[in-house]
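**Q** Chain by chain, the residues:
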Amino acid sequence: MNNNKFPINPFIDVDPKVFHSRNKKNVTEDFVAENFKSINWNIFRPFNDTGIDLIISKKVCSKDINHTKYDDLNLDICKKCKNETKIIHRFIQIKTRELVNNVLGYTLKSKDFRTDPRHIFLFYSDHTKDFLSLPVLDYLKFFQQTKISHFGTPTFNQGNGKMNSLKFNVSENVWNYSGHSWENYRNINGLNNFMYRDFDENLFSYTKEISLIKRTLFYDFKLGKTFKYSENQKEEIINFINLNIIKAKKESFQKLFKKYIQKINKLDNKVRESANSYLKEYQKIYERTKN
Amino acid sequence: MREQRTKSIYYKLISLGCDIYLGENKNEFFVVRHSCVECKSSWYMNLTECYFCGMLNSYLYYCRRCENYSSTTGGSSTCSKCKQKKKKVCFNDDCVTNKKELVEEFNNKKNGVMDKNFYSSSLVYLKEVDQDTQIKIDEEIKKYDALIFVKKDCTKYLVVNRNSKKEDFKKFKDEIDLNALF
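Residue numbers (the numbering used here), protein chains in the order written: chain A, 1 to 291; chain B, 1 to 182.
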């Protein structure tokens, strides 16, 4: 299954495996970027720290995307049907970890789950030189369909959810997540999977779909090891989340925000200023809460 | 264009809530703003809300016995009056986490997950011009989503996109017009 063409090692003077956690980040991101460049994608690297490690773009046939191959040159006219080409973009978040006992352990926090369908998680295994890349939609659907627990506790939302189920089977040369194959996301398979999608054309309907799956998965409250509530109490909490989060309309969040402002304004000046200082980076919110 | 001025423009855009991505070509960059799908205003993935009700994090301590809030910065985590441990609780009094029978079990800090967001993005070409240069838009506008013209040694900006009209080419502004950018 492993394709030798993509990824390649663009830095022929050094083995990717020699880098350790403290000097790995830059070379990893460059490794991924050079790989996309080598197959004629345009690349954009972040100037500031953004959470997106790489933006890639490509000109594809505007009439039928299947007319364009993943490594075709960026032409203005489709080679096959002579129609104009259009540009597609993908926003790549790279996760690199060493394999420990053939496991690629990684952490994804709730803030990593954007609802833009063009957001791609790319897991790079430098020991096997594999890219496993999944659009955020496919990642969420994988956990929805397999019912593997990943998101459904407040602990995940606090960002502690280390995932240790992505495994490389050396003898069979295959990747699995809790026994479910991830070969469709590996190297060129993964690339084709995120390239041949209508994400750019139907952006808004996909954001809606992702948002809905997120709500269902992230707010699937479980007691886990954190809470010791009775069944009745658990039911009460689930109903509360259902009403206030899952089924809530945007008006109820607006009401909640007004409630926040009313309450914060009643507090002592010093306390209020302290609370507001945390909101400075959120310009629009800060403007409304500071007075 | 001097590297220092180019960086100055990047930082200006960052201060306006945008992220900058650099391509292979000089003076060409990609500007992205994580935005709400509906109203296009900035979307903040780091902003924390209560997992259970969606209330904004107050970043304050609360003493349940004395019923008062205090700052979390620099202050002690025990109440100065009753010496009981203060907690970071949900700011919404009606939240299930503040319900008397359930309160003890709940942890203090909860992040939230939010609704629909996407990347507003533009491929931009940056050009510095002299004070009296007449702006002419040639073929380059076809390649880019927007062009940003900046006046040399002066904080005046003109953002041109495919919908811009010729009569606007003289209208340099004191701020970068984000609406014309995205």
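Since the hints were made in silico from the structure, they are not lab data.
Possibly wrong hints are sitting among the right ones.
[What the hints assert, rightly or not] Simulated pairs of lysine to any residue, SDA-like, Cα-Cα distance not exceeding 25 Å:
1. Lys247/A to Ser71/B
2. Lys290/A to Asn68/B
3. Lys173/B to Asp132/B
4. Lys143/B to Leu223/A
5. Lys95/A to Leu22/B
6. Lys95/A to Lys63/A
7. Lys258/A to Leu223/A
8. Lys87/B to Gln144/A
9. Lys82/A to Glu140/B
10. Lys259/A to Lys143/B
11. Lys95/A to Leu223/A
**Q** Next, verify each hint and record whether it holds.
**A** Each hint, compared with the structure:
1. Lys247/A to Ser71/B: 33 Å, violated
2. Lys290/A to Asn68/B: Roughly 20 Å between the alpha carbons, so the hint for Lys290/A and Asn68/B holds.
3. Lys173/B to Asp132/B: Status holds; Cα separation ~15 Å.
4. Lys143/B to Leu223/A: 53 Å, violated
5. Lys95/A to Leu22/B: 21 Å, holds
6. Lys95/A to Lys63/A: Since the Cα atoms of Lys95/A and Lys63/A sit roughly 34 Å apart, the hinted pair is violated (cutoff 25 Å).
7. Lys258/A to Leu223/A: 31 Å, violated
8. Lys87/B to Gln144/A: Given pair Lys87/B, Gln144/A is violated - Cα atoms ~34 Å apart, limit 25 Å.
9. Lys82/A to Glu140/B: 22 Å, holds
10. Lys259/A to Lys143/B: Status violated; Cα separation ~47 Å.
11. Lys95/A to Leu223/A: 29 Å, violated
Hint compliance for this structure: hints 1, 4, 6, 7, 8, 10, 11 are broken, all remaining hints hold.
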